[in-house]
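Using the sequences and the hints given, assemble the complete structure.
The chain contents come next:
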Amino acid sequence: MAKANAQAREQHWIKTRNLSNIILILWAIFGIVLPWMADSLNSMSFLGFPLGYYFAVQGSLIAFVVLIFVQNWRQDQIDDEFGVGDE
Amino acid sequence: MANNSGAEAKRDRRFVDNLGRVYAIYTLGFLAFFVFMAILERLGVGVQAIGIGFLLFTISIYAIIGWLSRTMEVDAYYVAGREVPSVYNGMATAADWMSGASFVAMAGGIYFGGYPYLGFVVGWTGGYVLVNSLLAPYLRKFGCYTVPDFIGTRFGGNLARFSAVLVLVVASFTYVTAQINATGTIAAQTLGVPFSVGVWFGLSGIFICSMLGGMRGVTWTQVAQYIVLIIAYLVPIIWMSNKQGFGIIPHFSYGEAVHRIAELEAQYGLAPAAEAVKGVQVLTVPVNEPAGKGWAMVSLAICMMAGTASLPHILMRYFTTPSVRQARKSVGWSLFFIFLLYFSAPALATLTKLQLLDPNLATSVIGKSFEEVANLEWVKHWASVGMAAVVDQNGDGIVQLNEFFMRPDIVVLATPEIAGLPYVISGLVAAGGLAAAMSTADGLLLAIANALSHDLYYKIIDPKADTRRRLIVARILLIFIGAAAALIATLQLTGILGAVAWAFDFACSGLFFPLVLGVWWKRANAPGAIAGMLGGLFVGTWYLYMVYNGLMTPWIGIDHLRFGIIGMPVSLVLMVVVSLLTPAPSKEIQDMVDEVRIPSGQTILAAGH
Numbered sequence: 001m002a003k004a005n006a007q008a009r010e011q012h013w014i015k016t017r018n019l020s021n022i023i024l025i026l027w028a029i030f031g032i033v034l035p036w037m038a039d040s041l042n043s044m045s046f047l048g049f050p051l052g053y054y055f056a057v058q059g060s061l062i063a064f065v066v067l068i069f070v071q072n073w074r075q076d077q078i079d080d081e082f083g084v085g086d087e
Numbered sequence: 001m002a003n004n005s006g007a008e009a010k011r012d013r014r015f016v017d018n019l020g021r022v023y024a025i026y027t028l029g030f031l032a033f034f035v036f037m038a039i040l041e042r043l044g045v046g047v048q049a050i051g052i053g054f055l056l057f058t059i060s061i062y063a064i065i066g067w068l069s070r071t072m073e074v075d076a077y078y079v080a081g082r083e084v085p086s087v088y089n090g091m092a093t094a095a096d097w098m099s100g101a102s103f104v105a106m107a108g109g110i111y112f113g114g115y116p117y118l119g120f121v122v123g124w125t126g127g128y129v130l131v132n133s134l135l136a137p138y139l140r141k142f143g144c145y146t147v148p149d150f151i152g153t154r155f156g157g158n159l160a161r162f163s164a165v166l167v168l169v170v171a172s173f174t175y176v177t178a179q180i181n182a183t184g185t186i187a188a189q190t191l192g193v194p195f196s197v198g199v200w201f202g203l204s205g206i207f208i209c210s211m212l213g214g215m216r217g218v219t220w221t222q223v224a225q226y227i228v229l230i231i232a233y234l235v236p237i238i239w240m241s242n243k244q245g246f247g248i249i250p251h252f253s254y255g256e257a258v259h260r261i262a263e264l265e266a267q268y269g270l271a272p273a274a275e276a277v278k279g280v281q282v283l284t285v286p287v288n289e290p291a292g293k294g295w296a297m298v299s300l301a302i303c304m305m306a307g308t309a310s311l312p313h314i315l316m317r318y319f320t321t322p323s324v325r326q327a328r329k330s331v332g333w334s335l336f337f338i339f340l341l342y343f344s345a346p347a348l349a350t351l352t353k354l355q356l357l358d359p360n361l362a363t364s365v366i367g368k369s370f371e372e373v374a375n376l377e378w379v380k381h382w383a384s385v386g387m388a389a390v391v392d393q394n395g396d397g398i399v400q401l402n403e404f405f406m407r408p409d410i411v412v413l414a415t416p417e418i419a420g421l422p423y424v425i426s427g428l429v430a431a432g433g434l435a436a437a438m439s440t441a442d443g444l445l446l447a448i449a450n451a452l453s454h455d456l457y458y459k460i461i462d463p464k465a466d467t468r469r470r471l472i473v474a475r476i477l478l479i480f481i482g483a484a485a486a487l488i489a490t491l492q493l494t495g496i497l498g499a500v501a502w503a504f505d506f507a508c509s510g511l512f513f514p515l516v517l518g519v520w521w522k523r524a525n526a527p528g529a530i531a532g533m534l535g536g537l538f539v540g541t542w543y544l545y546m547v548y549n550g551l552m553t554p555w556i557g558i559d560h561l562r563f564g565i566i567g568m569p570v571s572l573v574l575m576v577v578v579s580l581l582t583p584a585p586s587k588e589i590q591d592m593v594d595e596v597r598i599p600s601g602q603t604i605l606a607a608g609h
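Heads up: the protein sequence lines correspond to chains A and B, in order.
If you number the first sequence the way the working numbering does, the last residue is 87 and the count never jumps.
If you number the second sequence the way the working numbering does, the last residue is 609 and the count never jumps.
Hints in this document: simulated from the structure, not taken from any laboratory.
Note that the coordinates shown come from a computational prediction; the quantities given were computed from them, not determined experimentally.
Warning: the hint list may mix true and false statements.
[As the list claims (entries may be wrong)] If the Cβ cut is set under 7 Å, some of the chain B residues that face chain A in the computed set are: (1) Gly294; (2) Ser323; (3) Val324; (4) Ile598.
For each residue, glycine too, the CB sits at the ideal point set by N, CA and C.
In structure tokens form, the structure reads like this:
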């Protein structure tokens, strides 16, 4: 029982870690890569904005909000799957 | 005593059960007050009376909430009894987070600073993804009262705890002086008193919110302050946009304005002023030209993001929720509420700039005759306090782009006047700025006082102290730290924005990796964490000192606003190397880390510890 429990915890942590890794990669794209490339993105246009500028003032911000809500939704599923949710 | 705390718990329960109704009534009351003030203005009541009305009305409300939240219980004082629902914790965090710098200075910074400056916008929002992924849920599971509480228990030993207290105090104290400075500036301008008096006035307002109720009082006033500050930020933008014909909600349609400004900048030419004027500046940086500025923007954003995830006054807000799941949820709500202001700031900066530059608009000043501009009501007002200036330096009688001077900090405050909105809007903006600065100062002062009273006094100096004594010590420290911060604020050593950026750099240099690795790397041990905290803080501070005083040329463009880029890697390398050279942490500590990683079960530290 204790062993099965330990194994389940291990599985839970692997899934949690993988989810965090994916979120952090997306975070790096919106928070670092796109703002760095703004100059080349500016030749494109979105909603009338130059695209690179748009990401820095709005696009990346929206992405951050969505990332957190998606991560939490998925993390709740993982917690429930292994029966370790606290609600 | 038991009787007393029973009554306290009952009063508290009633309040928490009715949160929605209480804050709905409060919001309607505030809007009604706004309308009432607008009517008074129509009837001819003076500008100063309206400004004073706004400040006194809002501060009295905060004071009432502070009084109702008074407590003599440790859990209520340190973590608001861990009963703050996620949406309200999100609002409180947003107010805690958005300081005078966000509210007053950021849009002006974007106006004058151009693309690299947007690093603040991206950094101060993106940091929450790190908070959510790496820290908040795990720290909540830990059950700590303060951030050094986590460091001290996870790594073990007083030295680790003390190092964390040191970084916390350096970062938060730098930050809080800037906030008290901002409160003083707003109070002084609105009430018409000297700055030094305004500072003490602001400080007493801050004490009213935090002294009696600790974290509980601060939480419920911060929710009220968020409501005031977001209304005060959005109403002027939307009103201005409708009046000037930029669209009903301008946020999604000001792309055209960006193009138009770029055109006008090319037409006028962005030249430095022929002769500088002290304290104010002309526009020299183009609105949108990121070529070659990628690193400047991203390095700033990285420091601000990592700093967000290491600033104790933010992290400790996530200790107040009832569960781990609620803690995560409230990070999402926090960022959503912050986003509402942050995606408005660039819109405000852009539209205000367009109004001043575009000759097709009635509000424009560039290209007009010198006499006409110097006699505009708002120009006269801000010029009289030395925060704006129009000087005909080439003697042609026409205002050129490089002859129109402004202090960046006034862009938000002056926008309603530039757009010709009634004064009641300016009163609203002042109340919002005060709410933003006060709420952040509250959180910071509490973070410092709690770390000193809980971690230094109770955990290190006198572990036998009883509850009463602990809470009295906490309050005395709060007063002393607040007074010290106010004294330093009256000296006005640095600008608001510079000091805020430094606070983030201090925090991420010293605390980011020790916190993150404490959860994510079981092998991390006390000597490693101590080396990481002290080494990162020391090297970062040394770099700041050298660069700020001109003793060294900034390395690859890393100036004094970005010294976290130097401190963080030092902290990481030291922590990893020293941890690997010293013995692994004990089995109990490794098991504790395992326990932190799942949401269910008991917290590591029990209530009332």
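For each hint, the structure was consulted:
{"no.": "1", "hint": "Gly294", "in the structure": "holds (4 Å)"}
{"no.": "2", "hint": "Ser323", "in the structure": "holds (5 Å)"}
{"no.": "3", "hint": "Val324", "in the structure": "holds (5 Å)"}
{"no.": "4", "hint": "Ile598", "in the structure": "holds (4 Å)"}
Checked against the numbered hints above, the structure violates none of them.
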